[in-house]
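Chains as they are written, first to last, in my numbering: chain A, 1 to 655; chain B, 1 to 124.
One or more hints might be untrue.
To give an idea of the chain A side of the interface with chain B (calculated C-beta under 7 Å), a few residues [claimed, not checked]: (1) H441; (2) R444; (3) L447; (4) T448; (5) G452; (6) R484.
Not everything, but these chain B residues come out facing chain A in the computed CB check (under 10 Å) [claimed, not checked]: (7) D10; (8) L16; (9) V17; (10) F19; (11) Q23; (12) S54; (13) L58; (14) L81; (15) A83; (16) Y101; (17) T103; (18) P108; (19) R109; (20) R121.
Computed spacing ranges between beta-carbons, pair by pair [claimed, not checked]: (21) A:K280 - B:G57: 38 to 44 Å; (22) A:A520 - B:G57: 37 to 43 Å; (23) B:P71 - A:K280: 48 to 54 Å; (24) B:Q35 - A:V511: 46 to 52 Å; (25) A:L654 - B:G97: 39 to 45 Å.
Everything labelled a hint here was simulated from the structure, so no lab data went into it.
Beta carbons are placed, not taken as given, at the ideal position from N, Cα and C, and that holds for glycine.
Listed here are the chains, written in short residue letters.
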Amino acid sequence: MPRNRSVGHLLTRAFGAVVGLIVATGGAEATALTLQHRVVKQLSEYVQPLELANAELRTTLGDAQRGLRGYLLTGDGQLLDSYYAARTAYEQSGRELSDLAHSDERVSVDEQLDRADEWWRLAEQQRLAPPRSAAAAAYVNQGKPLFQAFQAENEKLDASLATRAADLQRRSSRLSEVTVAVVVALTVLAAVVALGAAGLTARRITRPLARVGAVIGRRRAGELEARADPERGPTEIRAVALAINEMAEEHERIRRAEDDIARLRGEVRALGYRIRAHLKVEDAVREAIEGAAATVGADHVLLRLAPGQTDVPAVVSLRDEHAGGVLAGLTESDVTWLRTGDVWTSGDPGPAAETGALAAFPGPVLTVAVSGGEELLGALTLIRDAGAAWNPVEVRLTEVIANDLGRAVHLARLYEREQQLVARLRDLDTAKTDFMSTVSHELRTPLTSIAGYVELLLDAEAGELDPPQRKMLDVIARNTRRLRELIEDMLTLSKIESGSFRTARSPVDLVALTDHALAAVAPAAAKAGVTLCREVDAALELTADNEQLDRVLMNLLSNAVKFTPSGGTVTVSARREGDEVHLAVADTGMGIPPTEQQQLFARFFRASNAIHQAIPGTGLGLAIVRTIVDNHHGRIAVDSAEGEGTTVRIELPLR
Amino acid sequence: MTVVLVADDDADIRDLVAFKLEQAGLEVVSVEDGQAALEQARLRRPTLAVLDVSMPGLSGIDVCRMLRADPATAGILVIMLTARVQEQDVEGGFSAGADDYVTKPFSPRELVSRIQALLTRARA
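Here chain B stands alone, though its shape is the one from the complex:
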């Protein structure tokens, strides 16, 4: 079963995303900060990670960069959740190696469809 890691410091959003992904038949691991996200990523080896950009401690961008730096986790797909639309944030996310990003507030439907698209592309 495909494992998806969801990291967001806001529990409501975490639950929303987790609920929607589980509905879609994916196994979800939820964490509330960057440090936990890194640990779970190494432990559970998810196929994809949904990372909130602004989290206390390690930001989503930091986590993404660290995942990419470690050969064991470099292959994990990453979708960034960003509350900002400023270009430098988006550029920061992509230069850190994110595969896609979604701006808050987002539609859960749209998020799930983007995740499924990424997974399909990765499998192909």
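In isolation and in its complexed conformation, chain A is listed as follows:
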């Protein structure tokens, strides 16, 4: 059995000892006082009065003896009077002494009084004798031994009383000394016990208390695993240590629970991201159902969708079967009784279909409305086969999941609609491109025949031609070529606009490209008597679509050559300006009337002076150029004066 190390117990024992010692001291003192009192009482009430009475008797008898003897020897009556006075006083003092005396002194007093009475009897005879007679003198001598016998008894009593008084005084004195010694000893002992108990208590409380205090300090400093030692120190401190440890465990438990909640919140947040990342309603629903089962913890999860909301099935569940039969019952229940933000747990009042399905089911069921905006999309139901009701944290987390799911479904539906729209637009665009492609192909086939047979005829494969025939065939050939260019440009424009050219972006060597374009138009320029000039930086590279840029240069250069009369000049310049490339094609040609410069980039637009001078063209070249420049986020401007020339400037970003 463990030793009782309670401080209270120790203190009780120490105080008990001290109190006992104090009581003992008091008792000793009281006893001593009583004894002292008895001694003093004996002295003052017995010994001393007896001494006094004894002395008075001696005096009285002395007076009587002296008076009688004097009278007998002198015959002085006065002396006889003093004898009589003494005889009267003796009656008094003798009785007094007799009354006072008892025990040891009684015998002595009786003896003394007997002697006195013997003397008195003789004295009464003497008194009658005639004074100054021989008889009187004989009497005096006869009375002397009797008086001496009395005197001896009297002195013996006096001595005995003196001895007794001294003895009493000695006893009193010794009693005092013993009392003082005992009281001092007891007091010192009490003090020692009290001090010892105080010291021991202090040591047995303060040290363990300091240890417990240190543990509290460490815990406060963040050392949460610090625990007090409940095996050391007195019972009270052990109880405190135990209480502190219990509090620490409780705190730890609460902290772990909070950590769990925080972790769950994190998981649910992550789940929310995953749910919302899905662009298909079905995928989002599947993610939410599996996630809710895993994070919140449910044996079964069921999502019922409000009618007419999505094209996914009306009921989606984690598993197909539920042993409790709840699933089958719930799927029959329409969820439109729920309102946005509603939370329903088994036991709450609800529609008969819902409560009926759950009537005999023991586990907790939680149903949360799933909403997109204000609109009810469906209901998310979590089922546990057994266990306690849903706690507020689980309900809250389920609400968060339902909320994320609602948003995801809402967004997915928007996305799906948008996708459908995009797909329709893409289909339209593809149809348009296909149409353009088909049309151009269908046009090219007959054009091939026309151009081919005209060529055969012009090559005199079918016999020699006379000049009017040749002239007519030239017209057919020219218009065939024009038709062909028109088809090419239309197809090109259609493709550029539909974006199918936008893909090829790569570093383009503009110097090489310019040289290539110049070389391509060189024969036409030479034929038209136009001088080509080149003002291009030594090295110039930019990120662009090579083929499109080539088309821009070709269109601009061939235009410039086409509209510049013999003897004129076409200048192409390209240079770097900051993070842009500035490209310009300038000619000294016929120019464009100022009123028409605005329409220059419109499709099929042709300047009036070009039409007037029957210069062939489709009116699509600059429209193509502008579209390409736009595709490259560049700018295009035309500077022209009629009859003096035209300059087309293009500014393209380097990348």
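Following the hints, complete the assembly by docking chain B onto the known chain A.
Positioned in the frame of chain A, the structure of chain B alone reads:
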């Protein structure tokens, strides 16, 4: 005599090409679809075939690929006639193993000169 196979579903173009090639002194076998082109290629073993890309049934590209797959016809030179200028068509033609291509509308003169160039190169 060098035999050239011409396959095009358009009779006018077929006749135009055939006329021009015969003028150039070549023997021409004309067919109007891909299936016939394959059959004639196996039967007549032409030196060169002019194949229109877009024909009903087997396209020119299909025919070209099949010619190349058969060791008996793998050596036939192929020129594709294409109505499209889109790059993927050209790439499709070359990956199928065509030796050259000509875009419609083409000049018959130019076609013949390209054919003769190919034949000369093949003979050398």
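Each hint, compared with the structure:
With its C-beta approaching chain B no nearer than about 4 Å, H441 of chain A sits inside the 7 Å limit, and its interface hint holds. Here the hint on R444 of chain A is kept, as its CB sits about 5 Å from the closest CB of chain B, short of 7 Å. Taken as an interface hint, L447 of chain A checks out: its beta carbon lies about 4 Å from the nearest beta carbon of chain B, inside 7 Å. Satisfaction of the interface hint for T448 of chain A is found here, the shortest Cβ-Cβ separation to chain B being roughly 4 Å, below the 7 Å cut-off.
Restraint check, G452 of chain A versus chain B: the minimum CB separation of about 4 Å is within 7 Å; hint holds. Of the supplied interface hints, the one on R484 of chain A holds, with its beta-carbon coming within about 6 Å of a beta-carbon of chain B, less than 7 Å. Restraint check, D10 of chain B versus chain A: the minimum CB separation of about 5 Å is within 10 Å; hint holds. A cut of 10 Å between beta carbons decides the hint on L16 of chain B: the least distance to chain A is about 4 Å, and the hint holds.
Interface hint status for V17 of chain B: upheld, as the beta-carbon distance to the closest one in chain A is roughly 8 Å, under 10 Å. For F19 of chain B, the shortest C-beta to C-beta distance to chain A is roughly 7 Å, which falls under 10 Å, so the interface hint holds. The restraint placing Q23 of chain B at the interface with chain A holds, with a minimum CB-CB distance near 7 Å, inside the 10 Å limit. Residue-level restraint check for S54 of chain B holds (minimum Cβ-Cβ distance to chain A is 7 Å; threshold 10 Å).
The beta carbon of L58 of chain B is not positioned within 10 Å of any beta carbon in chain A (closest approach about 18 Å), and the interface hint is therefore violated. Interface restraint check: L81 of chain B against chain A, minimum CB-CB distance 8 Å, threshold 10 Å, status holds. At its closest, the beta carbon of A83 of chain B sits 4 Å from a beta carbon of chain A; the interface hint therefore holds under the 10 Å criterion. Checking Y101 of chain B against chain A: minimum C-beta separation of about 14 Å lies over 10 Å; hint violated.
The restraint placing T103 of chain B at the interface with chain A holds, with a minimum CB-CB distance near 8 Å, inside the 10 Å limit. Because the closest C-beta pair between P108 of chain B and chain A is about 5 Å apart, less than 10 Å, the hint holds. The criterion of a C-beta within 10 Å of any C-beta in chain A is met by R109 of chain B, whose closest approach is roughly 6 Å, and the hint holds. Contact between R121 of chain B and chain A, as hinted, is not supported at the beta carbon level, the nearest pair being about 25 Å apart and thus beyond 10 Å.
Take K280 of chain A and G57 of chain B: their Cβ atoms lie about 40 Å apart, and the range 38 to 44 Å holds. Judged by the Cβ atoms, the range 37 to 43 Å given for A520 of chain A and G57 of chain B holds: they are separated by roughly 39 Å. For the pair P71 of chain B and K280 of chain A, the supplied restraint of 48 to 54 Å holds, since their beta-carbon distance comes to about 50 Å. Checking the proposed 46 to 52 Å range against Q35 of chain B and V511 of chain A shows it holds: the Cβ atoms sit about 50 Å from each other.
In this structure the hint that L654 of chain A and G97 of chain B lie 39 to 45 Å apart at CB holds, the actual value being about 40 Å.
When the structure is compared with the earlier hints, violations turn up for hints 13, 16, 20 and for no others.
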